[in-house]
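Colleague: Spelled out, the chains give:
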Amino acid sequence: MAATSSLKNMALCLTGVCLICAAILGGVYALTYQPIQDAAKKALVASIAEVLPEGGNLSDAQSAEGIDEYYVSAADTTVLAYAVKSTTVGFGGPLTVMVGVLPDGTVYNTSVLAHSETPGLGAKCNSDENFMSQWKGFGPEKILKVKKDGGDVDAITASTITSRAYTAAVEQAVNFVKSLNKQEE
Amino acid sequence: MSKLKLITDGFIKNNPTFVLVLGMCPTLATTTSAMNGLEMGLATLFVLILSNMAISLIAPIVPDKVHIPVYIVVIATFVTVLQLLMQAYLPSVYQTLGLFIPLIVVNCIVLGRAEAFANKNSVIDSALDGIGIGLGFTLSLTVIGIVREILGSGSIFGWKFIPGDGILAFVMAPGAFMVLGYLMVLFNKIAKKN
Numbered sequence: 001m002a003a004t005s006s007l008k009n010m011a012l013c014l015t016g017v018c019l020i021c022a023a024i025l026g027g028v029y030a031l032t033y034q035p036i037q038d039a040a041k042k043a044l045v046a047s048i049a050e051v052l053p054e055g056g057n058l059s060d061a062q063s064a065e066g067i068d069e070y071y072v073s074a075a076d077t078t079v080l081a082y083a084v085k086s087t088t089v090g091f092g093g094p095l096t097v098m099v100g101v102l103p104d105g106t107v108y109n110t111s112v113l114a115h116s117e118t119p120g121l122g123a124k125c126n127s128d129e130n131f132m133s134q135w136k137g138f139g140p141e142k143i144l145k146v147k148k149d150g151g152d153v154d155a156i157t158a159s160t161i162t163s164r165a166y167t168a169a170v171e172q173a174v175n176f177v178k179s180l181n182k183q184e185e
Numbered sequence: 001m002s003k004l005k006l007i008t009d010g011f012i013k014n015n016p017t018f019v020l021v022l023g024m025c026p027t028l029a030t031t032t033s034a035m036n037g038l039e040m041g042l043a044t045l046f047v048l049i050l051s052n053m054a055i056s057l058i059a060p061i062v063p064d065k066v067h068i069p070v071y072i073v074v075i076a077t078f079v080t081v082l083q084l085l086m087q088a089y090l091p092s093v094y095q096t097l098g099l100f101i102p103l104i105v106v107n108c109i110v111l112g113r114a115e116a117f118a119n120k121n122s123v124i125d126s127a128l129d130g131i132g133i134g135l136g137f138t139l140s141l142t143v144i145g146i147v148r149e150i151l152g153s154g155s156i157f158g159w160k161f162i163p164g165d166g167i168l169a170f171v172m173a174p175g176a177f178m179v180l181g182y183l184m185v186l187f188n189k190i191a192k193k194n
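Chains as they are written, first to last, in this note's numbering: chain A, 1 to 185; chain B, 1 to 194.
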């Protein structure tokens with residue numbers, strides 16, 4: 001039933017199948033390009049909105065040294081807050097956190113963008129209420145280190161490395177905002 | 001063979017997970033919760049039906065010596081289409097399953113059914129076989145996911161009914177092997193009786 005395996009048949013068949021498949025893929029890619037961009041943007045905007053106070057217009061992404069990128073939320077000319085995307089190395093790989101920082105260096109809120117921590121242990125940085133809620137209004141007078149290292153951050157039980165990485169990510173963001181302030185003065 | 005039997009065969013006689021023992025990588029990796037298992041099963045179902053149909057259509061004109069590369073190209077195309085569609089319209093599902101979607105290409109079930117069934121049967125029969133095997137796979141993954149989620153997180157489909165942490169091992173790889181092993185014993189014992 002199958003066509004004979006002559007060189008001509010094989011070449012024709014492979015070329016034909018690849019051409020058709022490439023055409024299908026190209027078509028679907030073109031169709032889904034815009035929705036994929038929209039979905040990614042929506043996810044980003046949602047993650048920023050989560051960590052910033054309401055109101056204010058969001059700037060485009062700006063890059064800076066020491067962090068991934070940041071967004072400025074401003075009403076007229078007053079800066080309300082910064083959303084800083086900050087990455088450190090956790091227990092299982094890169095840990096990317098979105099940190100909302102007020103101009104005085106107070107953390108407004110944080111959310112995890114991407115992580116590969118151990119399920120049930122470090123992955124709790126995304127679900128453990130005690131750990132997550134302590135970041136709301138974490139003032140500049142407090143020390144950004146886990147308690148084990150002499151700071152003010154409650155670590156997740158049995159996940160000190162993840163907690164340290166998370167704290168370091170927040171610290172990067174806060175330090176970045178502080179350095180921005182210094183430049184302006 | 002009756003049309004209905006084609007579908008039910010995928011559930012019991014040819015159950016991909018518990019009887020054929022194919023596609024173990026996604027089975028072990030994505031069943032951390034019932035929902036993940038279900039979603040992975042449905043993604044595979046989608047690819048299986050389409051690839052089975054396409055392959056039964058083109059089988060007569062494919063020369064024997066190149067049939068594997070041709071099948072893989074066809075399967076990879078459908079998987080990529082699925083991946084793009086999920087990214088566009090189901091971004092949250094894509095985020096949990098992300099890495100495992102491209103791996104459907106090398107899922108033995110898909111190529112296995114192309115080789116063992118689709119290339120010698122009609123388009124309709126192949127589609128039915130795809131539905132049967134796909135649903136069998138979905139069911140197995142969901143059951144494994146349910147057991148792991150109950151033991152590991154004390155919840156079911158995300159609904160928590162036991163406070164606290166559950167048994168951590170069941171969320172991780174060792175638990176996956178244990179649950180799979182015991183369910184396999186149970187399944188084959190019941191299947192043999194019938």
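Since the hints were made in silico from the structure, they are not lab data.
All C-beta atoms in this analysis are idealised placements derived from N, C-alpha and C, irrespective of residue type, glycine included.
Just to be clear, a hint being listed does not mean it is correct.
Said to hold, decoys possible - Mimicking DSSO-like on lysine-lysine, the simulated pairs with C-alpha atoms at most 27 Å apart in a straight line are:
| hint | chain 1 | residue 1 | chain 2 | residue 2 |
| --- | --- | --- | --- | --- |
| 1 | A | Lys41 | A | Lys136 |
| 2 | A | Lys8 | B | Lys120 |
| 3 | B | Lys193 | A | Lys8 |
Unchecked claim - Which chain A residues stay away from chain B? Per the calculated CB distances, all over 10 Å, these:
| hint | residue |
| --- | --- |
| 4 | Ala3 |
| 5 | Asn9 |
| 6 | Leu14 |
| 7 | Leu25 |
| 8 | Ala40 |
| 9 | Glu69 |
| 10 | Thr106 |
| 11 | Lys136 |
| 12 | Gly137 |
| 13 | Pro140 |
| 14 | Lys145 |
| 15 | Gly150 |
| 16 | Phe176 |
| 17 | Lys178 |
| 18 | Leu180 |
Colleague: Checking a non-interface call: every C-beta of chain B should be farther than 10 Å from the C-beta of phenylalanine 176(A). Is that right?
Modeller: holds (27 Å)
Colleague: Closest CB-CB distance from glycine 137(A) to chain B, is it above 10 Å?
Modeller: Consistent with the label, glycine 137(A) stays out of reach of chain B, its closest Cβ about 27 Å off (over 10 Å).
Colleague: Run the C-beta distances from lysine 178(A) to all of chain B and say if the shortest one exceeds 10 Å.
Modeller: Answer for lysine 178(A): holds, closest chain B Cβ roughly 32 Å.
Colleague: Taking the shortest Cβ-to-Cβ distance between glycine 150(A) and chain B, state whether it exceeds 10 Å.
Modeller: holds (28 Å)
Colleague: Verify that the Cβ of leucine 14(A) lies farther than 10 Å from every Cβ atom of chain B, and report whether the claim holds or is violated.
Modeller: Not fine: 6 Å to the nearest Cβ puts leucine 14(A) too close to chain B.
Colleague: May I ask you to check that leucine 180(A) keeps its beta-carbon over 10 Å from the closest beta-carbon of chain B?
Modeller: Consistent with the label, leucine 180(A) stays out of reach of chain B, its closest Cβ about 31 Å off (over 10 Å).
Colleague: Is lysine 41(A) close enough to lysine 136(A), meaning Cα to Cα at most 27 Å?
Modeller: Holds: lysine 41(A) and lysine 136(A) sit about 25 Å apart, inside 27 Å.
Colleague: Does alanine 3(A) sit more than 10 Å from chain B, CB to CB?
Modeller: Incorrect as stated: the minimum Cβ-Cβ distance to chain B is 5 Å, not above 10 Å.
Colleague: Would the least Cβ to Cβ distance between leucine 25(A) and chain B come out above 10 Å?
Modeller: violated (6 Å)
Colleague: A cut-off of 10 Å on Cβ-Cβ distance, and threonine 106(A) was said to be off the interface with chain B. Does that hold?
Modeller: holds (30 Å)
Colleague: Just checking, proline 140(A) versus chain B, shortest CB gap more than 10 Å?
Modeller: holds (33 Å)
Colleague: For a C-alpha distance cap of 27 Å, please report whether lysine 8(A) and lysine 120(B) respect it.
Modeller: Holds, at roughly 23 Å.
Hint compliance for this structure: hints 3, 4, 5, 6, 7 and 8 are not met, and every other hint is.
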